[in-house]
Amino acid sequence: AQSVTQLDSQVPVFEEAPVELRCNYSSSVSVYLFWYVQYPNQGLQLLLKYLSGSTLVKGINGFEAEFNKSQTSFHLRKPSVHISDTAEYFCAVIPQGGGGFKTIFGAGTRLFVKA
Amino acid sequence: NAGVTQTPKFQVLKTGQSMTLQCAQDMNHNSMYWYRQDPGMGLRLIYYSASEGTTDKGEVPNGYNVSRLNKREFSLRLESAAPSQTSVYFCASSGTGTNSPLHFGNGTRLTVT
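Read top to bottom, the protein sequences are chains A and B.
Residues are numbered in the working numbering as their position in the first sequence, beginning at 1, plus a constant of 2.
Residues are numbered in the working numbering as their position in the second sequence, beginning at 1, plus a constant of 22.
In isolation and in its complexed conformation, chain A is listed as follows (with noise of 0.2 Å):
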């Protein structure tokens, strides 16, 4: 079985500040990994995945994640962080041959930003 861990309920954090988010996995598998970000009253979109290759993966906003294979982890990171990017990032993974049905979500991350 497979779970996400998002070791940080919140992360409030100033503007133009730099910002990661942490996530651990746990898999007997190989594994896909995904970040969504979830603004209020919206659904979740997907921020990036990394299905394979580089270990470094850039996303949409200008945010990035690597990928540690042996520490299971895919931390979230942005150099820089808006307002705008206050919303809720969700940590996610599909084992390999699983299928979406299988997509196991983290808790959820809050990120705050403040001016």
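Rather than coming from a laboratory, the hints here were simulated on the basis of the structure.
Please note that a few of the clues may not be correct.
Restraint ranges, calculated between C-beta atoms of paired labels, are given here [unchecked claim]:
hint, chain 1, residue 1, chain 2, residue 2, range
1, B, T118, A, S28, 24 to 34 Å
2, B, V34, A, S56, 40 to 50 Å
3, B, V34, A, T57, 40 to 50 Å
4, B, T37, A, E22, 37 to 47 Å
Keep in mind that this is a model prediction, so the values were computed, not measured.
All residues carry an ideal CB built from backbone N, CA and C; glycine is no exception.
Following the hints, position chain B against chain A.
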């Protein structure tokens, strides 16, 4: 580019009433899903449909039924609503590949009194 469209956006029901949540996608995706999102519980899969004509239970199917009406549409029915079904419901769809990400609608906020 509509993506995944859910109706209604808000609904208030009394205990015992029934309702159907509608979902349609225009991305020609084979797979569709219904999730509920509750504070502190994250997203939990209620039912999914891997392809037109098939439906399967997810993690929390009790109290719900689904219908995959055609490739575009996937509805969720509450036959006799209970306060425990107060939640935000999201429909999602995904393409054929086993690594395809999910595309979500904007949700239905349901309150059962």
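Structure-based check of each hint:
Distance hint check: the CB atoms of T118 of chain B and S28 of chain A are about 27 Å apart, consistent with the given range 24 to 34 Å. At roughly 48 Å, the beta carbons of V34 of chain B and S56 of chain A sit within the given window of 40 to 50 Å. At roughly 47 Å, the beta-carbon separation of V34 of chain B and T57 of chain A lies within the given 40 to 50 Å, and the hint holds. Here the CB-CB span from T37 of chain B to E22 of chain A is close to 44 Å, well matched to the stated 37 to 47 Å.
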